[in-house]
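Colleague: Note that the protein sequences, when read in sequence, are chains A and B.
Residue numbers for the first sequence follow this note's numbering, beginning at 1 and rising by one.
Residue numbers for the second sequence follow this note's numbering, beginning at 1 and rising by one.
No wet-lab data here; the hints were simulated from the structure.
Treat each hint with caution, since some may be false.
Said to hold, decoys possible - Calculated lysine-lysine pairs in the BS3-like style (CA-CA distance at most 25 angstroms, straight line):
{"#": "1", "chain 1": "A", "residue 1": "133", "chain 2": "B", "residue 2": "54"}
{"#": "2", "chain 1": "B", "residue 1": "242", "chain 2": "A", "residue 2": "133"}
{"#": "3", "chain 1": "A", "residue 1": "21", "chain 2": "B", "residue 2": "18"}
{"#": "4", "chain 1": "B", "residue 1": "242", "chain 2": "B", "residue 2": "143"}
{"#": "5", "chain 1": "B", "residue 1": "143", "chain 2": "B", "residue 2": "18"}
To be verified - Going by beta-carbon spacing under 10 angstroms, a handful of chain A positions derived as facing chain B:
{"#": "6", "residue": "68"}
{"#": "7", "residue": "96"}
{"#": "8", "residue": "100"}
{"#": "9", "residue": "141"}
{"#": "10", "residue": "152"}
Cβ atoms here follow ideal geometry from the backbone N, Cα and C, with glycine treated the same way.
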Amino acid sequence: MATTTTPSSAQKRYRTLAVVKQEAITRVEKQLEDSVFVWPHLLIREFLAAVLMSVMLTVVSLAINAPLEVRFNINFPPPAVAKAPWYFLGLQELLHYFPPTLAGVLLPTFVLAGLAALPYIDNNPSRAFNDRKLSITLFTMFVVFFVVITVVGSFFRGSGWQWFWPWQGEFFNL
Amino acid sequence: MSSSAKRGVVDQVTTAVKSSQIWRSIFRHGYPDTPLNQSLIMMGNVFLHLHPVKVSRQAMRVTYTWCLGGISFFLFLVLTITGVFLMFYYVPAESQAYGNIQTIQSAIAFGAITRNMHRWAAHLMVISVSLHMIRVFYHGAYKPPREFNWVVGVVLFLLTLLLSFTGYLLPWDQIGVLAIQVGSNMANYAPVIGDAVHRVLIGGIDQYPTGNTLIRFYTLHVLFLPLVAAVMMAVHFWRIRKDGGEAGPPPPARSDVEMHEATTTARELVTR
């Protein structure tokens, strides 16, 4: 037979209201940050950025139509050059020099894995520019390299991936 | 006389609305112009609560963040809204897809501008996400305790590219299909799993994208990838808070600080 349960100290339920990390207590010497309320100081900036983007996007969309080529037909002869979307044209440019397994598969995988592993490889604790000359130089070289091959793939390549000049008008498709 | 009477009515209506049960059930606090209400609104509003109540003045500067993360998220929202609009008219079938796009461009009210916005916002998002990543690198904001959030960011960067790439096929025009053919052919060259990946992507043994490919890319584009991206974004934004907020401008280098201290000490010694 069931007995009515009465709340007793033995059955009291505890809730975790907060976990205070040790550093929060001990770091008394830490200066109070110069902080501001998110409402309105941050929200007004986010709002203005959103308005600015909306206006820009609307104006561009009114002015320029998204491209639409002829309908795909497997019987039509393929065009002289099939370009990937612009953000892959750097990789397509590399395909011109290296075998597909290297440029098309291994390199992108290596780049992404390397980027993801970056915080674990770069164990220099300082965030100051002058303490990070090596990592900043290497990363800048990496970015410049990708920008250059993307620009070359986009503006300097035409039929059969031959070298063309931008004014010869064989561009990429947006 | 009449204007003050009018204001009286406006005031009365405002007070009546604000003290009504409906209003008070929605807004649990007054207008956020006091520190208490400025805190309550940030904690009580589901859309705002990913923000903290207060932020560091330095880290909030537009010239520090360039708003790039926020702009990327905003573009994701624009792409979701315009994308849902396009889904009303677009059927991912080989026989219909191209015609649907032509109809959207020419016969649907606001169809052309919506498709244009979807396309240009997608390109802009690739740019803004890339710039965001570059900005975070130069500020060293990927360093402890923010390592994991950088990894989440790299995944979001990949998802952005994949979202854009899967959308490229959907109009079923010459350049879209050929670009996807070139792209999916790359899978063939992956060691060991290449052939299997290619079959999964194309949806069969064909060398060209087919109707199977179209439905696969469509489902990835409108459902799978956005859902994964939304989850990863939730983690990304949550972790910003949990890792102590925005990193803020990098501090000066140790050598610079020491040099500064040395010169000030020397100057003091000289002037003494």
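Colleague: Hint by hint, note whether the structure agrees.
Modeller: Status of each hint after checking the structure:
no.: 1; hint: A:133 / B:54; result: violated (33 angstroms)
no.: 2; hint: B:242 / A:133; result: violated (29 angstroms)
no.: 3; hint: A:21 / B:18; result: violated (41 angstroms)
no.: 4; hint: B:242 / B:143; result: holds (14 angstroms)
no.: 5; hint: B:143 / B:18; result: violated (47 angstroms)
no.: 6; hint: 68; result: holds (6 angstroms)
no.: 7; hint: 96; result: violated (13 angstroms)
no.: 8; hint: 100; result: holds (4 angstroms)
no.: 9; hint: 141; result: violated (13 angstroms)
no.: 10; hint: 152; result: violated (17 angstroms)
Checked against the numbered hints listed earlier, the structure breaks hints 1, 2, 3, 5, 7, 9, 10; every other hint is satisfied.
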